[in-house]
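Each step along the sequence shown adds one to the number in the working numbering, with nothing skipped, and position 283 is 284.
If you are wondering where the hints come from, they were derived from the structure by calculation, not from laboratory data.
All values reported here derive from a predicted model rather than from experimental measurement.
It is possible that part of the hints are untrue.
What the hints assert, rightly or not - Have a look at the derived ranges for each label pair, beta carbon to beta carbon:
| # | residue 1 | residue 2 | range |
| --- | --- | --- | --- |
| 1 | G310 | G159 | 29 to 39 Å |
| 2 | N208 | V300 | 35 to 45 Å |
| 3 | G310 | L29 | 19 to 29 Å |
Ideal Cβ placement from N, Cα and C applies to all residues, glycine included.
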Amino acid sequence: MSVEKAAAPGQSGLKRLVSHALQNLGPLLALVLLCIIAAIASPVFLSPRNILNVLRQSSINAIIAAGMTLTILTAGIDLSVGSVVALASTTMGLLMIHHGAASSVAIGGALILAAFVGVINGLVITKMRVPPFIATLGMMSIARGAALEMTRGYPMFGLTQDFRWMGAGEVGPIPWPVIITLVLYVIVYLILRFTKIGLYAYGIGGNEQAAVFSGINVDRYKIVIYMLCAFLAGIAGIVLSARLDSAQPGVAEGFELDAVAAVVIGGTSLFGGEGTIWGTLIGALTMGVIRNLMNLMEVSAFWQRIVIGAVIILAVFVDQMRRRVSRRT
2 MSVEKAAAPG QSGLKRLVSH ALQNLGPLLA LVLLCIIAAI ASPVFLSPRN ILNVLRQSSI
62 NAIIAAGMTL TILTAGIDLS VGSVVALAST TMGLLMIHHG AASSVAIGGA LILAAFVGVI
122 NGLVITKMRV PPFIATLGMM SIARGAALEM TRGYPMFGLT QDFRWMGAGE VGPIPWPVII
182 TLVLYVIVYL ILRFTKIGLY AYGIGGNEQA AVFSGINVDR YKIVIYMLCA FLAGIAGIVL
242 SARLDSAQPG VAEGFELDAV AAVVIGGTSL FGGEGTIWGT LIGALTMGVI RNLMNLMEVS
302 AFWQRIVIGA VIILAVFVDQ MRRRVSRRT
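Just need the whole structure built from these sequences, with the hints factored in.
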């Protein structure tokens, strides 16, 4: 009997180790399996040109998802990111084309406006006590409407060429959007790993009431986190405009759902307090591979929307199952 009792803690520790390994390695293993399936389904998938295309196409969603990770870690969400992408794009285009601003000034103005939108989101959530889902859903409509009003609904062409490298340039074979994405992920990783913003994001998401009792200014850090989320969405808007060589108020519709899917697929819990930024990057790549495979197989755009919706539901279901297993172990 004593042997059985002594073995129990070891078994419990083994279960925790296995659960932890699955949580961290699961998204990567799923991505590898998906790539194997894609390679079997389409010989073109593993061609260098297509791999670079997947990385380039995934970069925009990855940048947005990096910011989304911050908000979801706090048990929040930001549904306005797609509209902020469009707002940043049109603001930059308006400053460049109609006001003759230098690209650096136009980009700076667009990013400041994006960050301001994030601050407003944070204030509405913390001071008005509006749930994040509702607050950012409202901002999604406001920001999109503002982008459409700025351009009367028309795309703007004639952007200055000195910033196009951000979307279309390359360093050797590596596209600049991929490099920008990796740099941003390193920065977000450092924020989460070595700053109070990251530490408190996990603390707020894990137990907000305990965070308040421990003296953390929860409202302040939530505002900062929503500002960072919108700022990253603004960067995504700039990179996307550089790639499209135009500013379009209708871009990025539905991007918020892809971002949420990338975050959850990457292992971040929708309930907050758990997750890693590198998991989100894997999730964004997974979404990119899924879309690329459907394009290679000539799946219609309508069916693609159905598949992506199913992936989001499945990702949330897996997140809930993972939490149940974690509680048992």
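Results of checking the hints against the structure:
Range check, G310 to G159: Cβ separation about 37 Å, and the 29 to 39 Å hint holds. The hinted range of 35 to 45 Å is satisfied by N208 and V300, whose Cβ atoms lie roughly 43 Å apart. Checking the proposed 19 to 29 Å range against G310 and L29 shows it holds: the Cβ atoms sit about 24 Å from each other.
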